[in-house]
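K.L.:
With the hints in hand, could you dock these two chains into one complex?
If you read the sequences in order, they're chains S and L. In this text, residue positions in the first sequence follow full-length UniProt numbering: the first is 1, and each later residue adds one. In this text, residue positions in the second sequence follow full-length UniProt numbering: the first is 1, and each later residue adds one.
Keep in mind the hints are simulated off the structure, nothing from the lab. A hint or two may mislead.
Computed from the model, here is a short list of chain S residues facing chain L with C-beta under 7 Å [as the list claims (entries may be wrong)]:
| no. | residue |
| --- | --- |
| 1 | N53 |
| 2 | F54 |
| 3 | P55 |
| 4 | Q63 |
| 5 | F74 |
| 6 | D84 |
| 7 | E91 |
Between beta-carbon pairs, the in silico distance windows are [to be verified]:
| no. | chain 1 | residue 1 | chain 2 | residue 2 | range |
| --- | --- | --- | --- | --- | --- |
| 8 | S | F32 | L | K392 | 20 to 28 Å |
| 9 | L | M462 | S | F40 | 45 to 53 Å |
| 10 | L | L12 | S | M39 | 53 to 61 Å |
| 11 | L | V569 | S | L27 | 45 to 53 Å |
| 12 | S | T48 | L | V569 | 19 to 27 Å |
| 13 | S | L27 | L | R356 | 45 to 53 Å |
The C-beta atom is built at its ideal place from N, Cα and C for all residues, glycine as well.
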Amino acid sequence: MSVEPVSTPENDRDHWRKTTRLMFGHLAVWFFFGYVIHMFVIPLNKITIPVLNFPLGFYMAAQGSLIVFVAMLFIFAWQQDKIDRDHGVAEDE
Amino acid sequence: MATQASGTSDFLKNLGKIYAFYTGGFLVFVIALAILEQVGVPNRILGYLFVFFTIAVYAVIGIMSRTAQVSEYYVAGRSVPAFYNGMATGADWMSAASFVGMAGTLFLLGYDGLAWVLGWTGGFVLVSILIGPYLRKFGAYTVPDFMSFRYGGNFARMLGVIVLVCCSFTYVTAQIYGTGLIASRFLGMPFEIAVFAGLAGILVCSLLGGMRAVTWTQVAQYIVLIVAYLTPIVILSYQKFGIPIPQLTYGNAIMDITAREQQMLQTGLASAAALKPHIQPFINYSPLNFFAIVFCMMIGTASLPHILMRYFTTPSVRQARVSVGWSLLFIFLLYFSAPAYAAFSKLEVYTEIIGRDLTAIRPWLFNWGELGLIKICGKDAINIDAVVAACKTVAGHPGVVRLQDFSINTDVIVLSTPEIAGLPYVISGLVAAGGLAAALSTADGLLLAIANALSHDVYYKMLDPNAPTARRLIVARILLLVVAVFAAYLASTKPADILAMVGWAFSLAMAGNFPALIMGVWWKRTTSAGAIAGIIAGFGLCLFYLLTTRYFPGYGVQYFGMTSLLNPVTGAPVVDVAKAMTLPNAMEAWPTLAHPLANKVGWFNLNNIAAGLLGMPIGFLTIVLVSLMGKAPSPEMQALIDEIRKPRGRTVLQEKT
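Okay, chain L solo, but in the shape it has when bound (with noise of 0.2 Å):
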């Protein structure tokens, strides 16, 4: 990995060596504390050595992987194997929240949390037949490249820009915040210091090489967290089952649930208004919003530039395509096994936590309860006498746990697994560790985009094109670090509206990009005017309805035809309109989640998260439309779309290194 191009062969051709031996190590690594741990090293220690250990290894790749070349820092020499980069996509697509709350979100929503696991996983095969190759021909740096390309200079590229920074920013604030909650959970640190704890292990990350160091990282990443993620759910299902497939198994345990809800309904200990059926659909989100959800999810993959531009790195087209396979089977074996956490999890909790008499609570529970994340008729569960007192103060409370005395924060499935499954802490710690890498390499990945956004196409493309490399690669690096202490010092305010607005990158990438990504590559007649027309369109009224349905609902009634959301099972509105306008707080803008209105009203009975529905269409047609309007572009662009096209011969954009 030395910055020489002989050292940068060696390395590449001993890949398969060097990191089976990094996975070996790793594993004598987890064995190697698993012994600590049975001669009585505490668990505090424990923790501290698998995430410090952890971040060492990924320092020293990124330190190794550093670079002085600008086509290694931006697309790290486009020398990556398909099979590696399609382990540093899925790390860089699994994010905290893929980790730690995905499981917990199937739990809560049995089949309808199913939406996600579609959504995300469906997007990469429109990465593969739409986008992702041409883009690798084309020969890019950023996605915002190929809309000034294509579309005419400057002008597109800055709503390139707009849009890549309007979709990546959220998201990333949420991943270092994932980071500072996981590194404070299990290190017990301060969470604001945890936040700048995990910035110090992005940055090790990405700082010097680029592109070229986060590839390398996030291999060594994705390989933690799927050992992490596989490993306690592998053997729970050998402990129930005694067969080590948990995505088999968990069948049966699907079949036990839907016996035991019945039970829990005649013997009262479930109310039909607390229980939602695992595995009946369309209880949680009517149909529309199911699908609205899933297709929302499936495009915005195969519009977000920290995902696209991981396919600039491929030494060819071909390998592009093959690439994207990978990555698609390397996340699949994480989302194909989150439903099994979260079915062997309910199980856990409908035959041994509900049911039970309020003294005979099992104690794994009570570790959760401390931390506020597991209550118990209203009460932190913290210890027997608390949840005993706590159920005293409910009326008619029959002494045992019912289904509606039970809630759960979503990211307990998956860390408590390993408690459930009565195993040592070592692999609570593993679990940990696996989690971390995840909001690392995610983290990294949109950190990397933002950044090389704002240095090439802002500072390189637009203000300074004719700065000396050196120069180039010192401002992206400050670029890098500003974005990254910005969104930590964000992270580290704890800022609700950030966090629940990560989904909406998905709708912001997919009204914003896809339409003219799509049309650029395929209909040669798409002009500038057209494209640009069509962004702002399709990004507008996409902004326009998230923002108004969150934080200007009045308005939205009152000027803008807006009707309350409806509920997925009785469909009658979610909240009494009428009523709420004459209210005094109902024109109030910028209001909190608790004001009546917010989130609540919308066109169509469309939630917002889906808002990119409404976009995207528009964005087509406008491009359409306004194409149609002028002239055809020139016979040369139509030439160099053709060389988009074919997969041989030079990239169509030659960037002077």
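Just chain S, same shape as in the assembly (with noise of 0.2 Å):
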């Protein structure tokens, strides 16, 4: 999988873009779940989540969104690696 380092200025380029691409993808999740989601907790509490009997738009709020941004950090993590080694710029191991 590890490529040999090619440092090549459009490898970096390329890199970087891939990069920034990734960064602005996750930068969207968190705003949507940090922000978009919980302005719409009026109607979510509305809904109850079976079972647990919580309000929706609470537990978006005290969990969901929580989850949520512990899960997209290990997958931010795994992601920009991949990008790393397909570039050759990632660290040995």
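P.N.:
Right under this line is the structure:
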């Protein structure tokens, strides 16, 4: 998987372009679960999660968004590492 | 943990075993104390055993981690595996306020309190995708190191140090205050002495081993604090719902609370004014202020130096990223349990206290009434007679406790849960040890951030660049001691203002650090002049807003067009500014909080705790405009920024050790 370092300007540019795209993607998810979804708390609170009996709007702010944040961080670490490896700029193990 | 390299690597190889053994030992210790309690050892002795045993363990770790190497002292030799750095960051991040106060805030504010839960978790996403790993690749010892390197020298470094000290010092004072409060409450020591006892607990963790010692004690402290936080609530959940997972069962408690709220309104046990429905949003904060708090806490997290510096200690950039994930997972364990504490406590209060005959109040409450933390009918609830007497003075009181009669200090929620659940004292002692661990670990991280900035950035980089290693480390330790003693002295005076200012740290860090750090990595065109102007403009505006709204509100109204903040429910102004401005004290400077305008005026109805929302955009804007007016950074600098962006290769900054 690990490519030998080919430090050409094109490779670096491509690496950074993909890194930037990944950053904006995660920033969008972060913004959605940090803000956008909580703007709809009042309608969401009318929905009750079956069995657990949480109002959905409350649940998203108390747990749902937090779980997404944790999952995002591990996914991001994996994705960024893949980008680094594909461009031969990852660290040696 | 010997200072030799071989000893260090043995230690790192056996981390799993060592901390598993430690955790097992801690649990055995708790069980042993539970047995002592059963055979009749008094609670006071158990409390002392808890506090002294845990501090002794931290001290042993701190002393074994002593070091004579600069890179060990400042960044733990960059050898802390991602998983353990995550635990250390968790302890570093979660303060006495998170451990003791968060659940209480959620109890009081209901849904609106979740702004803090969201704000104090979501920021870690930004740490990982925008800043942390890049600073690790850069190879800094401190955040001002990066400012200096990227933005042309010591002026930028000095600004970085000023921002760092401004946002860390009030914060550390509050932590030391927290250690004093917990120690005095559980050990019955006078508060002033407890503060200095707490100081000793802090210093043994950090003085000899710097970052290395702080890291390994923070891991130990995280284990204590999370066990202590989860134990009572897990047992309570099992008692009430038969399932030991409070995070799932408290949905039912919330449903019961909502039903009970309606019932209390109908039966006259609660007035509509006193009742704040638990799940109803935006009744304590307007939507603007709710999201402003979330935003400022998140960006503040990603700008606070004592958090960022934790990611300087990992062996690689890759591990720095993974480590942020572990950090948030460990923090999440506490934050997603806090609302369960709030819900269970609220249900207990609403069903077991409100609506009860004054003579049938549950006795756990009087222990806290004696400390002045629970009041009924406006008087400390010391015992049944005192409560009955207090309520007699209220006109037309029906003889049962009504919601509006009852008030509770937010600290009580977590601390009283073991008693509500009818658990033995040993669990209360465990909770105290956990709160102490939370306060000590955060205080250590902050102290180290301040002392390192003073010793590394100010002393070594600016005053005496040729200082030999031994002298650098001595200076670092002396400065640590001086800052710690000063903060402890300040804490012992119970400075109400400083404690209220802790929330400011996030806005100050956000306005001062965030734009310059982000742009330094993500926009090569950022110039030194641009960044320096941006820091001054953003941080300056934020500081101006904080100081004016709190300490010069009359001037804010008179000269800067500030108006009253608005009530989040009615939208009416919280203070009649025109009338207040005619009062003789309208233009008073440095007034107390009793001043009619203090903290009640501002621009755009923005609470001053979210002042960073003004400062940060100005910071970004200034950086862009001033940078575009100047010449692009040199090709050498641009090449170095490329290096920061690629994990492979040596760190950009090479410190001589």
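K.L.:
Would you mind marking each hint as holding or not holding in the structure?
P.N.:
Here is how each hint holds up against the structure:
A distance limit of 7 Å between C-beta atoms decides the matter here; for S/N53 the minimum to chain L is near 4 Å, and the interface restraint holds. A cut of 7 Å between beta carbons decides the hint on S/F54: the least distance to chain L is about 4 Å, and the hint holds. Residue-level restraint check for S/P55 holds (minimum Cβ-Cβ distance to chain L is 5 Å; threshold 7 Å). Hint status for S/Q63 relative to chain L: holds, with the closest Cβ pair at about 5 Å, below 7 Å.
The beta carbon of S/F74 comes within 4 Å of a beta carbon in chain L, closer than 7 Å, and the hint placing it at the interface holds. Of the supplied interface hints, the one on S/D84 holds, with its beta-carbon coming within about 5 Å of a beta-carbon of chain L, less than 7 Å. Of the supplied interface hints, the one on S/E91 holds, with its beta-carbon coming within about 5 Å of a beta-carbon of chain L, less than 7 Å. A hinted range of 20 to 28 Å is violated for the C-beta pair S/F32 and L/K392, which are about 55 Å apart.
In this structure the supplied range 45 to 53 Å holds for L/M462 paired with S/F40, their Cβ-Cβ distance being about 51 Å. For L/L12 and S/M39, the Cβ-Cβ distance of about 46 Å falls outside the hinted range of 53 to 61 Å, so the restraint is violated. The beta-carbon spacing between L/V569 and S/L27, approximately 33 Å, falls outside the hinted interval of 45 to 53 Å. Take S/T48 and L/V569: their Cβ atoms lie about 25 Å apart, and the range 19 to 27 Å holds.
With their beta carbons about 51 Å apart, S/L27 and L/R356 fall inside the hinted range of 45 to 53 Å.
Of the numbered hints given earlier, the model fails hints 8, 10 and 11; all others are met.
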